[in-house]
Structures are given as C-alpha cells and as structure tokens.
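A.B. asks: Numbering-wise (UniProt numbering), the sequence shown opens with residue 1 and increments by one.
By construction, these hints were calculated from the structure, which means they are not laboratory data.
All C-beta atoms in this analysis are idealised placements derived from N, C-alpha and C, irrespective of residue type, glycine included.
Misleading hints may appear alongside valid ones.
[Said to hold, decoys possible] Distance ranges between label pairs, derived from CB positions:
id : residue 1 : residue 2 : range
1  : SER356    : GLY128    : 44 to 54 angstroms
2  : ALA154    : SER94     : 14 to 24 angstroms
3  : LEU298    : GLY99     : 39 to 49 angstroms
4  : LEU165    : LEU275    : 34 to 44 angstroms
5  : PRO200    : TRP294    : 49 to 59 angstroms
[Unchecked claim] Below, simulated DSBU-like cross-link-like pairs (lysine-lysine); rule was C-alpha separation at most 35 angstroms, straight line:
id : residue 1 : residue 2
6  : LYS376    : LYS204
7  : LYS229    : LYS67
8  : LYS376    : LYS67
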Amino acid sequence: MTDVLRRGRASLAFSFFAQGVAFALLVTRIPAIQDRYGVSDALLPAFLAAVPILAGVGSVSTEQLVKRIPPSRLLRFAQPVVLLALLGVGAGDSTVELGVSLAAFGLAVGMLDASMNMLGVSLQRAYGRSIMLSFHAVFSLGGIVGASLAWVGAHWHLALFVSYLPVVAVLLPLCLVGSRWYVDGDGAAVEEKAAGGAEPIVFKLLLPLCLVMTFAYIGDSTVSNWSAKYLQDVLGSSEQLATVPYNVYMVTTLIGRAVGDFGVRRFGAVAVVRLGAVVAAGGFAVVAVAPGPWVGMLGFTLLGMGLCVLVPQTFAAAGRLFPGASDAAVARLNVFNYVGFLIGSPLVGALGDAWSYRGAMLVPMVLVLVTLVYAKSFAAQPDRYGGGHERPRTADVGRGSNGL
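Go ahead and model the full structure; you've got the sequences and the hints to work with.
C.D. replies: Pasting the structure below:
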C-alpha cells in the first residue's frame, strides 16, 4: 500500500512539473508567437482569451467524464495533448493552425488541471495529512524551468519549433511512463460514484471557495501580466530589471509551497490561508506605495509568499467539504481559476488607464483581503490534517491506473 501511494505521489508530482514547464513555455513566448504568425495587437487578446475560456469548458467536461472514466485515465490522455498542442503552436504557419493548436491546448489544459487536482485531493485523503501544496510547489518549479528554457530560446534566437521540440521529446514519454502509477480515489468513493450515489454538490457551500479561487488568480494574473510594465513605467526601473519581479515571484511561490504543508500540519489550513491573505495584501500595498523599483520588488516578493498557499488549499478544502463528491467539486472549482485569469489582467489595465496603476494595485489587494471573510470554509470537514489531529492513513487507497 505504501509503495502504491509513494509511486502515485511521485508520478502525479511529475505531471504537475510537466504542466508548469509547458504553460511557462507558452505564455513567456507570446511575443515570438505573435511575430511568427503575424497576429495583430488588436487580434492577440482574442487568441489569448480563448485559451482560458476553452480551459473552463474542458474543466466542466471533466466533471461529467469522471462519472464514467477515472481521473487518472483522463490525465493520461490530456497531458500528451497539451504537450503536442504546444509543439503545434511552434510548428504552424497560418493563424488557422495557431487557432487550432491553442484551442486544443486550452481544452486539454482544463481537463489536465481538473484531473491533476482531483488525484491530488484523493491522494491527500489517502495520506491523511496535507500534501497538496507540495504538488503545486513542483508546478512552480516547472514554471521556473520552462521560463528559463524560453529565455534560452529567445537568447539564441531559436525558432519556436526548435525550442519546443526537445522539451516535448523528453517530457512526453516520461509522462506516459509515469501515468502507469497514478492512483485514483479510495475504493469506497469509487464504488459509490459508479453506483450513482455520490453526494450532491451544494453550490452555496462551494461558493466561498470559488470566490477565493477567483481572487487568488486575479492577484496572480496581475503579477504575471503587469509586474514588468509597473516596475518600468511607474517605478522607473530599467528594462532588464523589469524582467526580474516575475522570476522573484515564481521563486518565492516555490519556496512558500515547499514549506506550506508543514504549516498546515502544524497550525491548520485556516491559519495558513489567513496568513497568506494578509501577506499577499501587504505585498500589493507595498507595490502601490513603493517609491522605487527595489521596494516594488519587495512587494512582489511578499505577493509570492502570500498568494502561493491559497489555490492549493482551496482545492484541498473542496475535497474535505464534499468527501463523497470531491472530483465534481474540484472540477467546478477549477473553472474559477480561469475566471480570475480572465478578469485580472483587463481589470488592472482598465483601472490603470482610467485612474492610475498605483491605484489599480489596491483592487486585487482588497479582493485578497476578502479571503479572510471566507477563511472558515477551509476548516476541516471533519478531518484535520496535522497538529496532532491527523487521521489514520487510509487502508484502502483504491485503484491505480494500472489496476493496483
């Protein structure tokens, strides 16, 4: 049993890593993609918005598919599609080919994000202690690796296909091999779902977590889309220094998630979420009042340390809130990942143009603080991971995707 869990955790962690690499390689090379396909500035937002919209469709579809197909099987299918779609983005010649590749990427990413987090929630339940943050820490590590590889490709003026091909050639077979050891939910939950007896999702109970997910991704998209522009145009940094805040943000996100599970075990999820919200809000406040680029950098560092805990703990809380229907809860909650992404960047941009970018930073600050109102939704239901309150490890860890 222990070996099954360990292999399942390691293989799922690698999936999170591969997803982090693939996503970073796409978003950090958007200027090169625009140049390759001759996409105008007016048309580019439509292409970019289509990805999270279709990802939301993929996540909703996953909720229906897991009623008949184990999440492990969906993940085994979705991850290669994401990697091949990334390669398609680099290989095409026309905007139609770009649109098809991005559509495939978006739909598969929604399915991938939902199924990965479903398996993470069920593994955490089997372990009987908080491990969800560790998966998202590996995703952050993948993002750093992907962004670094993208920098190498841009520095050496490599064609997109040449830059993407070695990455896909390495990750794709490793993901396929690792998928043999995915572990689905515990046996009782699987049997109950197959019999049509899964508990219903009461959206009123899930809504607070949906709002927290949205607010967290509004904050995250603010950093990813506006940190460089803010540092250069508002705080007067050099062009080179303006590229640093996002890298700092990713590194501090990795560090925060790497140690976050220990905090949850020691102090509980509610305390960790509250602290994360306060630290993130403090980071936005520092950014808004920063007199210069180095103080602004401090603010983005605080943002990484604060925001990093919110998303993984929101998925974990959904699993605890609906233990008999955690897959459906995770799929619905995952949609609000993309809602926040779609809202965040245009919101800050519109406020910055109409008012000021300093003032615009106060809006995600307030939204993150609203998380404090909903912190009680992260309380154990009924399990409490860590702090002397861990439940015994589950004896039946269910089915691995290879029949274990």
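A.B. asks: Indicate, hint by hint, whether the structure satisfies it.
C.D. replies: Cross-check of the supplied hints:
1. Between SER356 and GLY128 the C-beta distance comes to about 49 angstroms, which sits within the given range of 44 to 54 angstroms.
2. Against the hinted window of 14 to 24 angstroms, the Cβ-Cβ separation of ALA154 and SER94 comes to about 23 angstroms, which satisfies the hint.
3. For the pair LEU298 and GLY99, the beta carbons lie near 41 angstroms from each other, so the given range of 39 to 49 angstroms is met.
4. Between LEU165 and LEU275 the CB atoms are about 43 angstroms apart, so this pair conforms to the stated range of 34 to 44 angstroms.
5. Here the CB-CB span from PRO200 to TRP294 is close to 52 angstroms, well matched to the stated 49 to 59 angstroms.
6. Simply put, LYS376 and LYS204 have alpha-carbon atoms about 14 angstroms apart, close enough for the 35 angstroms limit, and the pair holds.
7. Between LYS229 and LYS67, the direct Cα distance comes to roughly 44 angstroms. Violation of the 35 angstroms bound is thereby established for this hinted pair.
8. At roughly 29 angstroms between alpha-carbon atoms, LYS376 and LYS67 fall within 35 angstroms of each other, so this suggested pair holds.
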